[in-house]
Amino acid sequence: MKVESRIFEILTVFCFVCALVYGLLSKEAVGIVGLTLTGGLCLIVGTYFRFVSRRLEERPEDNPEAEVSDGAGDVGFFSPGSYWPITVAGAVAFTGLGLAFFQWWLIVLAGIGLIIAVCGLVFEYHAGPEAH
Numbered sequence: 076m077k078v079e080s081r082i083f084e085i086l087t088v089f090c091f092v093c094a095l096v097y098g099l100l101s102k103e104a105v106g107i108v109g110l111t112l113t114g115g116l117c118l119i120v121g122t123y124f125r126f127v128s129r130r131l132e133e134r135p136e137d138n139p140e141a142e143v144s145d146g147a148g149d150v151g152f153f154s155p156g157s158y159w160p161i162t163v164a165g166a167v168a169f170t171g172l173g174l175a176f177f178q179w180w181l182i183v184l185a186g187i188g189l190i191i192a193v194c195g196l197v198f199e200y201h202a203g204p205e206a207h
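The sequence shown begins at 76 in our numbering and counts up one residue at a time.
No lab work stands behind these hints, which were simulated from the structure alone.
Note that the coordinates shown come from a computational prediction; the quantities given were computed from them, not determined experimentally.
Not one of these hints is a red herring.
So the derived label-pair ranges between C-beta atoms look like this:
id : residue 1 : residue 2 : range
1  : F89       : Y200      : 34 to 44 Å
2  : F176      : F153      : 33 to 43 Å
3  : V167      : E132      : 28 to 38 Å
4  : L174      : E199      : 22 to 32 Å
5  : E136      : S157      : 26 to 36 Å
6  : G98       : V193      : 36 to 46 Å
7  : V105      : E132      : 35 to 45 Å
8  : E199      : F126      : 28 to 38 Å
9  : G115      : F177      : 25 to 35 Å
10 : V143      : C194      : 31 to 41 Å
Virtual Cβ for every residue (Gly too), placed ideally from N, Cα, C.
Whenever a hint applies, use it, and build me the whole structure from the sequences.
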């Protein structure tokens, strides 16, 4: 996680420098606020990754002398036949449509569908025949 924290810390410095230069050259407030807030969000993520990296053991990505074979093995479990991700994407799309056209009935129905889809995705292997 040290690599990721460094990336976000570099992005933080970049955004703050861009905000400073933008503020000196344009005198326009919205861009300055946007770049400053983006730098702040990058700072939050970078700080979180830095704290998490202290608690985790070193990964091959964090070791400069690591070989490619050091990262071999299982990455994680990915569901081969799940329909929940497409359901979540559809619910998000309908929620966005409801917000874009400001239709309360669509926002409410899509929000309920989104909650159901996210719960289905999270608890897919905790209930039903696939539960272990």
